[in-house]
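**Q** Single-letter residue listing:
2 protein chains.
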Amino acid sequence: MKVAILGAGNVALATAYYLASTGHSVQLWSPFPEERAALSGGLLTAEGVLSGTADIVVAAQAESCVADAGLIVIAAPAFGHEPLMAAIAPHVTAAQTVLIHPVTGLSSLLLSRLMAERGVAPTIVDASTSLFTTRRITANSVRILKVKDVIEIAAIPAARGPQALALLEGLFGKRFRLEPNALTVSLNNHNPVYHVPPLLCNLSRAELQEDWMIWKGITPGVARLVKLVDDERLAVVRRYGTKEVSVADYFRQAHGAIGADLPAIFLSVAEKLKGPIGPQSFEHRFMTEDVPYALVFFLSLGEAAGIDMPITRNFIELTSALYERDFMAEGHTLDRLGLGGLTPDAIVARSMSGFSAPLAAE
Amino acid sequence: MKVAILGAGNVALATAYYLASTGHSVQLWSPFPEERAALSGGLLTAEGVLSGTADIVVAAQAESCVADAGLIVIAAPAFGHEPLMAAIAPHVTAAQTVLIHPVTGLSSLLLSRLMAERGVAPTIVDASTSLFTTRRITANSVRILKVKDVIEIAAIPAARGPQALALLEGLFGKRFRLEPNALTVSLNNHNPVYHVPPLLCNLSRAELQEDWMIWKGITPGVARLVKLVDDERLAVVRRYGTKEVSVADYFRQAHGAIGADLPAIFLSVAEKLKGPIGPQSFEHRFMTEDVPYALVFFLSLGEAAGIDMPITRNFIELTSALYERDFMAEGHTLDRLGLGGLTPDAIVARSMSGFSAPLAAE
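The listed protein sequences correspond, in order, to chains S and Z. For the first sequence, the numbering used here gives the first residue as 27, with consecutive numbering after it. For the second sequence, the numbering used here gives the first residue as 27, with consecutive numbering after it.
Everything labelled a hint here was simulated from the structure, so no lab data went into it. Everything numeric in this text was worked out from a predicted model, so none of it was measured. We put the CB at the ideal spot given by N, CA and C, even for glycine. Do not take every clue at face value.
What the hints assert, rightly or not - Partial pick of chain Z residues on the chain S-facing surface, computed with a CB cut under 7 Å:
| hint | residue |
| --- | --- |
| 1 | Glu233 |
| 2 | Thr245 |
| 3 | Val248 |
| 4 | Leu251 |
| 5 | Phe308 |
| 6 | Arg311 |
| 7 | Ile333 |
| 8 | Pro336 |
| 9 | Glu343 |
Said to hold, decoys possible - Quick list of the computed label-pair ranges, beta carbon to beta carbon:
| hint | chain 1 | residue 1 | chain 2 | residue 2 | range |
| --- | --- | --- | --- | --- | --- |
| 10 | Z | Phe58 | S | Ile303 | 43 to 49 Å |
| 11 | Z | Ser307 | S | Arg265 | 34 to 40 Å |
| 12 | S | Met27 | Z | Ala286 | 56 to 62 Å |
| 13 | Z | Ala286 | S | Arg311 | 27 to 33 Å |
| 14 | Z | Glu236 | S | Arg311 | 24 to 30 Å |
| 15 | S | Thr119 | Z | Glu236 | 37 to 43 Å |
| 16 | Z | Ala192 | S | Asp257 | 54 to 60 Å |
| 17 | S | Ile303 | Z | Lys242 | 53 to 59 Å |
| 18 | Z | Ala286 | S | Glu350 | 14 to 20 Å |
| 19 | S | Lys269 | Z | Glu329 | 40 to 46 Å |
| 20 | S | Glu350 | Z | Ser307 | 28 to 34 Å |
| 21 | S | Arg265 | Z | Gln235 | 36 to 42 Å |
Given the sequences, and given the hints that come with them, work out the whole structure.
**A** Structure follows, in structure tokens:
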């Protein structure tokens with residue numbers, strides 16, 4: 027199958043390597059000419075749990091990259107989603123499937139809306155996290171640390187979920203759990219919960235570029251802030267009727283952590299994982315991605331449902347001032363996603379239907 | 027002169043030693059029987075820039091401690107002020123002078139109000155900071171690191187300032203600058219500004235009991251939060267017509283720091299002071315004293331003047347949640363100080379007159 031990969035970071039290269047090495051025809055496009063140039067040889071190298079070399083084609087334009095692809099993968103940090111979506115939207119057809127790998131704060135709806143403006147409804151698939159835990163080594167080589175056992179996906183429109191699941195299983199194996207709607211997938215994002223408070227409470231370590239382990243930096247007081255943010259997220263999860271997985275349960279399930287409370291759980295994770303080291307810079311996606319695209323998204327959902335989220339709001343306001351940015355304005359509010367003024371039920375429904383024509387009419 | 031010292035901490039013992047060693051009759055009382063017992067020998071030892079031994083009397087009751095004293099010194103952290111004031115208020119006479127050493131968030135007004143209920147108006151003197159930089163070594167010995175050149179004082183009622191200044195100069199030398207009102211002294215408190223954000227941004231260091239230097243932990247991002255809190259404080263200072271000293275100028279003046287901005291200034295302070303090490307516990311007065319008694323006081327003054335202080339409010343709300351306390355409710359709001367509903371001008375006037383009968387009637 028021809029697969030189009032949009033992006034040239036960790037996840038993009040690992041996905042491209044995996045698919046090319048398993049016999050698929052991979053085309054990759056980055057909006058940055060220097061990234062395309064660095065990859066122009068088309069040879070990718072992987073080491074780690076998967077290793078070897080594989081050939082890909084570096085496309086000169088987004089249009090040729092996506093043409094005739096059976097799967098289109100958007101693999102970029104959240105702040106890269108909108109420009110990539112704008113680049114491909116004119117060229118995607120109703121027969122194609124676009125995987126947002128991973129989604130953040132229902133970014134898939136931005137693509138859905140762009141496509142609706144053209145009157146075209148492709149299948150859009152949200153992935154909760156990346157299938158590969160990976161680090162880019164050079165412009166064309168990656169270290170793949172882990173292929174995750176199971177990640178959550180959902181389709182827009184939701185009725186096409188089984189068909190999307192079959193497509194992904196054919197390419198990657200039985201590594202997906204299909205959720206009833208895309209909102210579940212974006213709400214079940216624990217990153218901001220264990221990224222934002224720990225980085226704020228270890229900010230001087232990051233700025234001094236200390237070798238510090240994020241899990242050890244989540245001391246009991248820091249863990250209390252993690253729990254406060256998570257409790258507010260869980261209140262939103264409950265109100266929108268989606269699946270409730272606390273950050274404690276996430277670490278128990280995903281990393282086999284043990285312990286009765288978060289301080290014990292993070293100690294257990296520290297002993298198990300031995301890494302990675304925490305952020306070593308002030309400008310870091312733990313803040314610049316997770317605050318606007320996840321915390322702001324949670325808060326906006328909470329506001330629409332009348333849920334008070336003072337701690338989440340404090341973190342957004344304080345980090346906005348700290349980073350001299352208006353994360354609320356740049357982030358995924360409901361207005362930004364085209365969900366402004368809707369009731370919680372209507373928001374859930376829209377996350378299932380997207381902005382395309384109603385399913386009945388298709 | 028007989029001097030009464032209330033309290034048995036760093037500042038209390040250093041003050042008691044200094045006055046006893048210069049020939050005054052010092053009586054000391056602590057509300058805690060174990061502190062009185064530990065001091066019962068009455069022999070204080072000092073080392074550092076002042077050294078020697080001196081005799082004091084440990085009073086069994088607050089009443090006998092303050093009786094006939096020419097100066098009464100309240101020397102305790104902010105959270106100890108109210109109980110000490112309640113203990114002495116029934117016994118203080120109109121002829122006596124009470125020094126709050128140091129004051130926090132106009133805590134002097136709490137004493138003024140207690141005295142007004144008795145119809146008695148002593149002279150109350152607010153000191154901006156402690157005259158001695160000191161550490162207690164044992165229950166009856168202290169290390170005196172520095173006797174400050176100049177600290178700010180103000181009197182309630184303000185008209186008695188010159189007389190209070192003369193009294194203190196007679197006891198301690200020319201080490202005081204008389205300010206026009208007590209509000210100036212309490213607003214010119216830089217502690218919360220360089221305590222609260224740095225501790226939050228180094229919280230895991232404190233909890234892990236690392237040997238860290240507070241000044242080095244104020245990296246550029248942390249310094250940005252320091253400046254944001256200070257800017258809000260300075261807006262209050264300007265509105266209440268009191269003397270404007272930024273935290274940068276404070277470090278330039280008090281510690282000879284150099285540098286164009288706060289990151290440079292804190293680097294300079296780190297090189298100059300070589301210490302002290304930062305907090306090594308979660309429960310620390312950098313938070314538990316400075317948030318309720320200083321940040322809450324600033325915010326409450328700001329609210330009365332229509333000044334927006336979002337960053338100060340964020341820190342109060344976030345630390346309240348973190349410490350599982352309602353710092354706003356326990357702290358020095360204007361309501362708590364008996365200033366609720368007053369205009370800024372009336373607040374300044376009240377900080378000058380206190381709650382006693384008007385000066386004209388005395």
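**Q** Which hint numbers does the structure go against, in order from smallest to largest?
**A** 6, 7, 15, 17
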